[in-house]
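Q: Whenever a hint applies, use it, and build me the whole structure from the sequences.
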Amino acid sequence: MTMPPVGSALASHIAGVQLIDQHVHGCWLTKGDRQRFENSLNEANTEPLADFDTAFDSQLGFAVRAHCAPLLGLPKHASPEDYWGRRSELTEIELGRIFLPAAGVSDWLVDTGLDHDVADTAQLADMSGGRALEVVRLEQVAEQAANTPGDYASAFEEILHRRAATAVGTKSILAYRGGFDGDLSEPSAAEVAAAADRWRDSGGVRLRDRVLLRFGLHQAVRLGKPLQFHVGLGDRDCDLHKANPLYLLDFLRQSGDTPVVLLHCYPYEREAGYLAQAFNNVYVDGGLSVNHLGARAPGFIARLLELAPFRKIVYSSDGFGPAELHFLGATLWRNGIRQVLSSFVADDEWSEADAIRVADLIAHDNAARIYHV
Amino acid sequence: MTMPPVGSALASHIAGVQLIDQHVHGCWLTKGDRQRFENSLNEANTEPLADFDTAFDSQLGFAVRAHCAPLLGLPKHASPEDYWGRRSELTEIELGRIFLPAAGVSDWLVDTGLDHDVADTAQLADMSGGRALEVVRLEQVAEQAANTPGDYASAFEEILHRRAATAVGTKSILAYRGGFDGDLSEPSAAEVAAAADRWRDSGGVRLRDRVLLRFGLHQAVRLGKPLQFHVGLGDRDCDLHKANPLYLLDFLRQSGDTPVVLLHCYPYEREAGYLAQAFNNVYVDGGLSVNHLGARAPGFIARLLELAPFRKIVYSSDGFGPAELHFLGATLWRNGIRQVLSSFVADDEWSEADAIRVADLIAHDNAARIYHV
Amino acid sequence: MTMPPVGSALASHIAGVQLIDQHVHGCWLTKGDRQRFENSLNEANTEPLADFDTAFDSQLGFAVRAHCAPLLGLPKHASPEDYWGRRSELTEIELGRIFLPAAGVSDWLVDTGLDHDVADTAQLADMSGGRALEVVRLEQVAEQAANTPGDYASAFEEILHRRAATAVGTKSILAYRGGFDGDLSEPSAAEVAAAADRWRDSGGVRLRDRVLLRFGLHQAVRLGKPLQFHVGLGDRDCDLHKANPLYLLDFLRQSGDTPVVLLHCYPYEREAGYLAQAFNNVYVDGGLSVNHLGARAPGFIARLLELAPFRKIVYSSDGFGPAELHFLGATLWRNGIRQVLSSFVADDEWSEADAIRVADLIAHDNAARIYHV
Numbered sequence: 006m007t008m009p010p011v012g013s014a015l016a017s018h019i020a021g022v023q024l025i026d027q028h029v030h031g032c033w034l035t036k037g038d039r040q041r042f043e044n045s046l047n048e049a050n051t052e053p054l055a056d057f058d059t060a061f062d063s064q065l066g067f068a069v070r071a072h073c074a075p076l077l078g079l080p081k082h083a084s085p086e087d088y089w090g091r092r093s094e095l096t097e098i099e100l101g102r103i104f105l106p107a108a109g110v111s112d113w114l115v116d117t118g119l120d121h122d123v124a125d126t127a128q129l130a131d132m133s134g135g136r137a138l139e140v141v142r143l144e145q146v147a148e149q150a151a152n153t154p155g156d157y158a159s160a161f162e163e164i165l166h167r168r169a170a171t172a173v174g175t176k177s178i179l180a181y182r183g184g185f186d187g188d189l190s191e192p193s194a195a196e197v198a199a200a201a202d203r204w205r206d207s208g209g210v211r212l213r214d215r216v217l218l219r220f221g222l223h224q225a226v227r228l229g230k231p232l233q234f235h236v237g238l239g240d241r242d243c244d245l246h247k248a249n250p251l252y253l254l255d256f257l258r259q260s261g262d263t264p265v266v267l268l269h270c271y272p273y274e275r276e277a278g279y280l281a282q283a284f285n286n287v288y289v290d291g292g293l294s295v296n297h298l299g300a301r302a303p304g305f306i307a308r309l310l311e312l313a314p315f316r317k318i319v320y321s322s323d324g325f326g327p328a329e330l331h332f333l334g335a336t337l338w339r340n341g342i343r344q345v346l347s348s349f350v351a352d353d354e355w356s357e358a359d360a361i362r363v364a365d366l367i368a369h370d371n372a373a374r375i376y377h378v
Numbered sequence: 006m007t008m009p010p011v012g013s014a015l016a017s018h019i020a021g022v023q024l025i026d027q028h029v030h031g032c033w034l035t036k037g038d039r040q041r042f043e044n045s046l047n048e049a050n051t052e053p054l055a056d057f058d059t060a061f062d063s064q065l066g067f068a069v070r071a072h073c074a075p076l077l078g079l080p081k082h083a084s085p086e087d088y089w090g091r092r093s094e095l096t097e098i099e100l101g102r103i104f105l106p107a108a109g110v111s112d113w114l115v116d117t118g119l120d121h122d123v124a125d126t127a128q129l130a131d132m133s134g135g136r137a138l139e140v141v142r143l144e145q146v147a148e149q150a151a152n153t154p155g156d157y158a159s160a161f162e163e164i165l166h167r168r169a170a171t172a173v174g175t176k177s178i179l180a181y182r183g184g185f186d187g188d189l190s191e192p193s194a195a196e197v198a199a200a201a202d203r204w205r206d207s208g209g210v211r212l213r214d215r216v217l218l219r220f221g222l223h224q225a226v227r228l229g230k231p232l233q234f235h236v237g238l239g240d241r242d243c244d245l246h247k248a249n250p251l252y253l254l255d256f257l258r259q260s261g262d263t264p265v266v267l268l269h270c271y272p273y274e275r276e277a278g279y280l281a282q283a284f285n286n287v288y289v290d291g292g293l294s295v296n297h298l299g300a301r302a303p304g305f306i307a308r309l310l311e312l313a314p315f316r317k318i319v320y321s322s323d324g325f326g327p328a329e330l331h332f333l334g335a336t337l338w339r340n341g342i343r344q345v346l347s348s349f350v351a352d353d354e355w356s357e358a359d360a361i362r363v364a365d366l367i368a369h370d371n372a373a374r375i376y377h378v
Numbered sequence: 006m007t008m009p010p011v012g013s014a015l016a017s018h019i020a021g022v023q024l025i026d027q028h029v030h031g032c033w034l035t036k037g038d039r040q041r042f043e044n045s046l047n048e049a050n051t052e053p054l055a056d057f058d059t060a061f062d063s064q065l066g067f068a069v070r071a072h073c074a075p076l077l078g079l080p081k082h083a084s085p086e087d088y089w090g091r092r093s094e095l096t097e098i099e100l101g102r103i104f105l106p107a108a109g110v111s112d113w114l115v116d117t118g119l120d121h122d123v124a125d126t127a128q129l130a131d132m133s134g135g136r137a138l139e140v141v142r143l144e145q146v147a148e149q150a151a152n153t154p155g156d157y158a159s160a161f162e163e164i165l166h167r168r169a170a171t172a173v174g175t176k177s178i179l180a181y182r183g184g185f186d187g188d189l190s191e192p193s194a195a196e197v198a199a200a201a202d203r204w205r206d207s208g209g210v211r212l213r214d215r216v217l218l219r220f221g222l223h224q225a226v227r228l229g230k231p232l233q234f235h236v237g238l239g240d241r242d243c244d245l246h247k248a249n250p251l252y253l254l255d256f257l258r259q260s261g262d263t264p265v266v267l268l269h270c271y272p273y274e275r276e277a278g279y280l281a282q283a284f285n286n287v288y289v290d291g292g293l294s295v296n297h298l299g300a301r302a303p304g305f306i307a308r309l310l311e312l313a314p315f316r317k318i319v320y321s322s323d324g325f326g327p328a329e330l331h332f333l334g335a336t337l338w339r340n341g342i343r344q345v346l347s348s349f350v351a352d353d354e355w356s357e358a359d360a361i362r363v364a365d366l367i368a369h370d371n372a373a374r375i376y377h378v
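Residue numbers (this note's numbering), protein chains in the order written: chain B, 6 to 378; chain A, 6 to 378; chain F, 6 to 378.
It should be emphasised that the hints constitute simulated quantities derived from the structure, not laboratory data. On a predicted model such as this, the values are computed, not experimentally measured, just so you know. Hints may be right or wrong, so weigh each one.
In silico DSBU-like links for lysine-lysine, alpha-carbon gap of 30 Å or less [claimed, not checked]:
hint, chain 1, residue 1, chain 2, residue 2
1, F, K230, F, K247
2, F, K230, A, K247
3, F, K81, F, K36
4, A, K247, B, K247
5, A, K230, A, K247
6, F, K247, B, K247
7, A, K36, A, K81
8, B, K81, B, K36
9, B, K247, B, K230
A: Next comes the structure, spelled out in structure tokens:
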């Protein structure tokens, strides 16, 4: 891959293009210790890092030091100690007011299913200077329905429609609750009622019942707003091989016109791109993966540009916790897409005008079309 | 990857080397509308493209505009409107007479299983100025046998041998008829007879019966001519994860000396290359994938050059429909292999003489050896 | 990828860094014919190569000619005939004394499970001038236990502890004995006793009994020394798709603090890197794959630097047979890691000091920590 001409019209355009971050969470609101920070740089591990290890020694850790340090007045590649020291002098709110506006994001579409001690949509909008809209997590709706008296299905539908009235889409974490393989057809009303009874009897927390998970998905399809799926890498509670989006094929064949957005995708981004070509309603996104790949993100971004039609690719950071992640997602995406598209132009495979247009499609046009923002 | 020295002996050689296109279909014979053309640029989707979409906004669409436009007297990267406008002024026969000879193909090995309104071998030879030979699709032989009175197995064998007498190989689309996973051993004569009765009773169309599919494969192995398998990406009737060639392992262990050619392969090209190393009779091919990857094709071509021994890699376009695809497959392959091999030479990992020799192996020598052309 | 500045401090450092080769076998001791040599360059095939083929026409064959020829006084890219001719003038011991010291390896950790006509640890140390320590193959311990009178489980434990007293770790070839998918929990004592009786009755060779394989793994976990797994590519007796390390997830969830090292990994290196991030005790290694990828090795080495934390990556050659492979693994690794890290530094994503430090972690620091060498 040839080096991108940073002075080109394409490079300037990408540096300034406003983004719709179509899948993100809140940033922290209150101070924490270094262990909390380091664990937030490791996606897959669910335990404290080993004594011999530090999350700074990873692609994401190096990317934080390369790209976030200058915004805190430090040199690029500042040491972990200097970075943590400087970061500790600031509150999370102050960090948010530094990193969020610097991301160049006009709209944050916020999965509010992770809401413990992180900014809500109003706070995110305030800190960033952008708009923030909600994406409703289906498993949270299920838990609310389980705790509502009366018929579960009716409660689910009522809560979903009420919350969705001001939300732009829905989100499924089926990948964490048993994975994609197996039957994903719509269950009967009787099956739903029986499964809801069993689940309520057992406490109604952390939904893993397959019948109710399937019910929720088909309710989301019926709602018609974009339905986001966690796909690929996540923490180790998820069996990664069961988060391969090809196991969604039968479900996608029944999903009609409701946009289905495959999030993260690594290491199944090629499979996800295939699905985006195969179904008019399927989209791909590389959020989370881009941050964790750091210096290796350009190759990943390039793989998203293989089979997926260019009107079916969207941007997100999947930032959660440190506000650095909301900024870094945008920065690594800008650097990566510039490198990839510039190499296509340098090889005369693409025109520069097309490259600029595709950057706009991914940065905002595609997301604006499906989320109506 | 360093830029290929386009003036090198290697580059000149690759620009001029004659190809054996070892898996291709006919090009169109009669005029169609823009929707037909655009759908032919999308492999995976089986429905009309969505209103908001256009197949021109894909790697393949961009590659058509970059590489095919000049042959129609247009500038590189001509707009979709200009391209479609100019293309519409010509008949499909005229287009064939432009694009087919420009591919630099000496021999077209034609899978005649898709024969609706496309050129047959004689027409392809005539339009291109090359030779054209037949590859017999096994599922078509099965359907002919189902419609022949008397014993199914005998009819299948008779038709296969009669058609194969003038053909160079056979082709299986098992990937579209249930996939590779599961038992692929040879069924007994009684099982075949019973399955044939059931299938004939149900109409004898679109073979999906596993017993009869297995029977056909083993007949092809016994015939001894190269047996091609559709592997990896295809339209969404195929469950992509069941078209992973590793599920063929048990079958390959029983396939003796009959050459088995794994076609397309994306995104399982690494797995396919492994099989080409593991079995003396297994070959890999990247047709179809190269066209759909467009500007990303060089990386794919490089992945085909990992575990597969160099005497086990063959070229094809898998062109079908627009004659552009027959030409584009060759053009993208020439550009990609030049880039990849030039980078090996530039890094002094390979000698230039070796690189030229490997280009010849893939372009024609390997195919000439196994198909006797 | 930009070309690495070979005169940089990073390049100099990598050229000279001493390696711990944490998974290797002995090199040959006695002369053989060209067929033996060529078959040793093909990992996957279990039969003699076809008449039309030569293992010299592969990435590994080209890499031998590029990198090993100069050590035998031949020009780079010497012809196969010249290479074989020159090689034949030397004994295997002489070849070992040329290639082993040239690898720049301080410590060889030797899987002694393949011990037919190859150097043992003392001979390897002598020829190389380095230290050599043993890694005990669990399936060999099982076979020794099967041939020991009395209780199988006690015999296994006794042999394992006796051999492990002077060894640095254990190795499992479960990938070749049924694969990773399926139950890998610890069997009960009664199950083990019954399975051992059955196996002994059937001869006690080539362990494939799942209960006894599971028993061995959990004994190795209990031992606490690093446990190496053959992962990914191997000969075709292994079902490659069942050597996907994601099938180890449940086992890893029970593996406590015992380091688990995933060897080879291709084409599942991204999955392996994910596991190294997900579990404090999981490590990745790319030995064997690097040799077979030759000119394509840099991209593979880069993929190992994606999700895996940098303190969780180790080096090996997996050399076995020709001493060339012990040297080539080191040479291709040095070239590849230099290219990859230099490109990160050239893009200003990493500092050069960090790149040097990460090279040291992979070259020796991580292995020294877990193997206590």
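Q: Hints broken by the structure, by number, lowest first?
A: The structure breaks only hint 2.
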